[in-house]
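Residue numbers (my numbering), protein chains in the order written: chain A, 1 to 385; chain X, 1 to 385; chain R, 1 to 385; chain H, 1 to 385.
Don't read these hints as lab results, they were simulated from the structure.
If you want a taste of the chain H side facing chain R, the calculated C-beta under 8 Å gives, among others:
id, residue
1, Gly174
2, Asn269
3, Gln300
4, Leu305
5, Thr306
6, Ile307
7, Leu329
Glycine is no exception: its CB is placed at the ideal position from the N, C-alpha and C atoms.
There are 4 protein chains.
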Amino acid sequence: MNNKFKSISFLLLSIGVSFSMLAQHHHDRKINFPDVPGYLTLKCDFHQHSIFSDGKVYPSIRVEEAIKDGLDAISITEHLEYQPHKEDIPHPDRNRAYQIALETKKSMKDTTLIIANGSEITREMPPGHSNAIFIKDANLLLKDSVIDVFREAKKQGAFIFWNHPHWKGQAHDGVAKLTDIHKKLIKEKLINGIEIVNEHVYSTEALEIALANDLTFIGASDVHGLIDWEYNVHKGGHRPITLVFAKEKSEEGIKAALFDRSTAIWFNNTLIGKQEFLEPLINASLIVKKAKYLKTSWSQHKKPLTILEVIIQNNSDAEYILENTSDYLLHNNADIVTIAPQHKTIILVKTKQQEESINLSFNVLNAVVAPKKHAHIQMKITIDK
Amino acid sequence: MNNKFKSISFLLLSIGVSFSMLAQHHHDRKINFPDVPGYLTLKCDFHQHSIFSDGKVYPSIRVEEAIKDGLDAISITEHLEYQPHKEDIPHPDRNRAYQIALETKKSMKDTTLIIANGSEITREMPPGHSNAIFIKDANLLLKDSVIDVFREAKKQGAFIFWNHPHWKGQAHDGVAKLTDIHKKLIKEKLINGIEIVNEHVYSTEALEIALANDLTFIGASDVHGLIDWEYNVHKGGHRPITLVFAKEKSEEGIKAALFDRSTAIWFNNTLIGKQEFLEPLINASLIVKKAKYLKTSWSQHKKPLTILEVIIQNNSDAEYILENTSDYLLHNNADIVTIAPQHKTIILVKTKQQEESINLSFNVLNAVVAPKKHAHIQMKITIDK
Amino acid sequence: MNNKFKSISFLLLSIGVSFSMLAQHHHDRKINFPDVPGYLTLKCDFHQHSIFSDGKVYPSIRVEEAIKDGLDAISITEHLEYQPHKEDIPHPDRNRAYQIALETKKSMKDTTLIIANGSEITREMPPGHSNAIFIKDANLLLKDSVIDVFREAKKQGAFIFWNHPHWKGQAHDGVAKLTDIHKKLIKEKLINGIEIVNEHVYSTEALEIALANDLTFIGASDVHGLIDWEYNVHKGGHRPITLVFAKEKSEEGIKAALFDRSTAIWFNNTLIGKQEFLEPLINASLIVKKAKYLKTSWSQHKKPLTILEVIIQNNSDAEYILENTSDYLLHNNADIVTIAPQHKTIILVKTKQQEESINLSFNVLNAVVAPKKHAHIQMKITIDK
Amino acid sequence: MNNKFKSISFLLLSIGVSFSMLAQHHHDRKINFPDVPGYLTLKCDFHQHSIFSDGKVYPSIRVEEAIKDGLDAISITEHLEYQPHKEDIPHPDRNRAYQIALETKKSMKDTTLIIANGSEITREMPPGHSNAIFIKDANLLLKDSVIDVFREAKKQGAFIFWNHPHWKGQAHDGVAKLTDIHKKLIKEKLINGIEIVNEHVYSTEALEIALANDLTFIGASDVHGLIDWEYNVHKGGHRPITLVFAKEKSEEGIKAALFDRSTAIWFNNTLIGKQEFLEPLINASLIVKKAKYLKTSWSQHKKPLTILEVIIQNNSDAEYILENTSDYLLHNNADIVTIAPQHKTIILVKTKQQEESINLSFNVLNAVVAPKKHAHIQMKITIDK
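Could you build all of it, start to finish, from the sequences and the hints given here?
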């Protein structure tokens, strides 16, 4: 086209591209997701280890890592039955990592991080490994019968989830499989949640089990070494976490949300959760900052343009991969639109006639609500005059 | 899981994540796509301007930009009928930009860049603007009757394509529309291709017209200012180009491929082309470097693992967004897998039993073969012993 | 030392290091130096070319580059006697680049950039090349006798400076040499300044000539191609500029300052200017944000510490290389201290006893006031209670 | 100057600038210094802590950090007399951290890292803290009388150095002071070295003590938490280390070099060592890749140019800050030249007449050989024909 004929909006478009690309340089390691209507979005990692079972760091490092990552809550969940450092660290009290974490928080004068006492029940399959968090005394969980351990945890008010059901150490094919003992534990409410994501691994079968048995979705780092190294935080990586949608930021608030199954998982660039949670989360992430019809300084046709410029601010860490399912075609994208994290992106919508508002809809391809099923969002766009 | 039980492959997985993220730091501005079986993949931008119509740079800059971008061929296509700098630059010869570009190439001792003589036929709609490239003498195109201009270009052996049919200066709704005069020009082979991408804009309707009328797919920068600024090349951006699949790197080779419709378009992170071109291009981009079953140093089950680690090297600039359509589920991804450009990515495939080879298949969501239709690829993976 | 014994100030120290290093990621291309007491610090490039002599861009690009670089004033100084593009651009008016630059500024709605009309008098040595800026009509400078050209420029009120006296095209040894004709021109006030820096080249002899003859210090890009490419602006590079210390931001303000010799040069990471200008500039760059004695949570000695923590904010683009000439030794540096641009740096000063204020003094090694002589600064530090 | 007149060498110059700036993006955390004639340059950190005294990590992390940093040797030197984690970790064997480090090395199949057994003798001043490394059994150092501890260490063949004599916990003014007991220990060869650099702190007085008493120069991290966090390794930072110039890479080779006082210190961007060590190290770092007289395609003078282009490859991590003390002036720098790490830099030397070889000499301002005294280097440059 002619240079002279270009309108200012093309400059904006070019700037828009620039903003998106800047996202690649977003290096702050704090994990960011917005709150959703009626709920706080709390970033939690409930599966971690320290030197008090088979981890490689003093518990204070877990607290420092969590604060650096901007987490709201953690639990250090030492193996009850697996104590490879016992020769050097023969501590009698299985609450020790928790106590040291609390002391660290205090000495750092931190007032934001919630630390839940927790333990990993570490058995062969079935039932494999499970985490009991929000327990009162880990020492009382040292029992022979695994069912007794679960019952004691429940007695203490714990929220209990099945860890990495797909772990290759216990499943040669990486496939999570529900056994009779799991069914029994679930039925007795001794298992309340399930890890769909553990460390670097994701399980479609665990997602199916969660949906079929109404279990809370859990994602966790299961970190033993350093978060920085395991998750390449200085190259834009992050640990997997559970996003807990809570009424308040407190132990009670989180526990209530976990029992209510109000969670989602943030893993690599993927969100995993039910449509009822992911839809508001994604809508809260994507804010329309401007919606205005393009103008042109020159045209052959003299008609008002019906190409709508929409500037969307992404207030989350997710690079959303959207598939356009609207009635409208886009002027600067095919059907797939990528929305860079923490930046503005411009999309141009061809509306055929000038409207006062339009509805856009998208499948969010990096947001999973069920096997092969993605979150779907609607955006009602009120057009600026 | 227990720290002790982790196998080396988990370390690799972690490294894989790291490689992917490194891609964000890939700042070399040269555009890279591999050759495909039987053809060279040539990177071409056939729509550009200089001061000899309404551009802002001397033609030599277009040559330098092209060499910096690693292009194989360009054309500087000055407007025949739009000469806003005429007062200052009243050159009588409309081949002048072409001549200066050739001189620049010579003075730079470059032997790789092909420069095609070209002109932009600049008329109101219909037929709007068109580029004639591989012409012999632009001066002879200065005729009153637009049809005469197309005929003269054809007489000179030109390849002619319809520019930005969706341009807001000539289409208030941004919609490309085929008129009778276009049909006539196409029928007489006076229009051979169509821009589906021009500058920052994409047209689904132009794609439909291309498919319905068997026109060559063209994407071009239409640059007037600086490529660096318009396309944010220092933040990872690039100009839109036409990928020409040619038998040889020569004017004749490119021309033959253009008339054969052997092209695709590279625009932002999207490829647009027919399945017959995109499939080999994507397959040539994604090289399997390793495919081996995971091992574990500890397991409860004592069975050989059936989780297959596949390391894929992406030899292109595209960040491929793959949707898994295989019979197999993945161990570290839901159904969407992102393959970072110019780096290695690890995927873990659950094969249920140990195989000698498997077939993976994916829809490539950022590769468009028709409106709402994506390229599809098959990968036969031979498994290392 | 013992972990427990470390005080918070060590954390700060560590953060200080981090701030310094962040400076390496400072990629905004705008050039930044603070104002000095009584004067604005204006960033100016008075030597540039466009297609109207032997440059490669339309003048509008020079305006866009200047705005991107955050400059306050520019001049496009086409060669009067060297017109290699004359065949294509036979414009009769030698003010044309200036006029187009003004139109560009207007069309961009810019109200900040000052554009001075200028020309390059382009003769063999002696006297070689000179720039006359703030002229009224370049056409009147087209005279045979070089002395007549200088006189006409002076008649128009021009500020005139000798260009690249060290240029290898006119000095085989790269050495600037004052000839009789130069002496005469200087004596008659027909040469008012001299380029000590031109493009990528610096001349100690030009600095000596400037000092001996009381000429204004000039540094300029002499750009013919693109600033982005010549000066690697996307990797932290910048064009050489003249910093003009002016009473007001206006043509008259700049002209007055140039005739008053109130300038310095910013070239790579080096400032060149007289002590009277560099000292206030550097002092304005380096702001003490905090000065407080360290504390310690544990000590054997029970005495108040006499190690002073000073946090210095560098508000300029210069990475200052300081040589400590104070009476005090530093606790975290040997005698050389590097102060990263646009960031905070912490220095620790050993004062032997607790003071209310101290004086620090430094040679600034990347600030040149005469051959082998560096700027010297004093910092009076008032110590926080 | 005229665009047409520029020679290729100016392009090179511009590339040179680019290379230097690229250095800012050098993110590999491995520490790199070249070997010197007759000696290997070994990178060593002999002062570190783990959970077995007051550190925050399991000893295995120290081994992993060292391998990531490319170190040749480390020692984990737990406090003998300070055991704040004793309640949890009441291990009876003071060699435990050393043993675990060895096991980690073995399990990682590493064959390059040398691990020396060591302990920190942790007393009030005088004599304060000292490290004994290359000991045989730490348990035998648990004695009441400090002199007995030193004697036992010596009996075991240890190399012993005085730690952080300037530490604010034991010196309120941060000043290292030699006491009678230190003199006695030095005289009896019970103190062999001294930390001039500890963690983030540097001591000019320690340097004076080292020179006056012929003690080995030591720099060490004294890390308690994570190297990554304390030293910002992902922003280009590094821990302080001792460079040991050894005849062979072995425990014996390092020990011999330490007793021979063949060391230097690498701290932030500063080298500290004797001229006899720093001169060969810097000369080994700076390799002349090309030295050729510039040519010009156009000149008024028709004489061969006497401006010499020298391309220097810096094979080290140090950004050398050179002060030109040669007989020659530079064409692209004032007297200070900065040589970016791990990249090429171009300097242009004005030689007045064409020579076959020249000698350049520089003070290296970030290389300290004594208080306020810098290393000095000579470079003999043979000029390419």
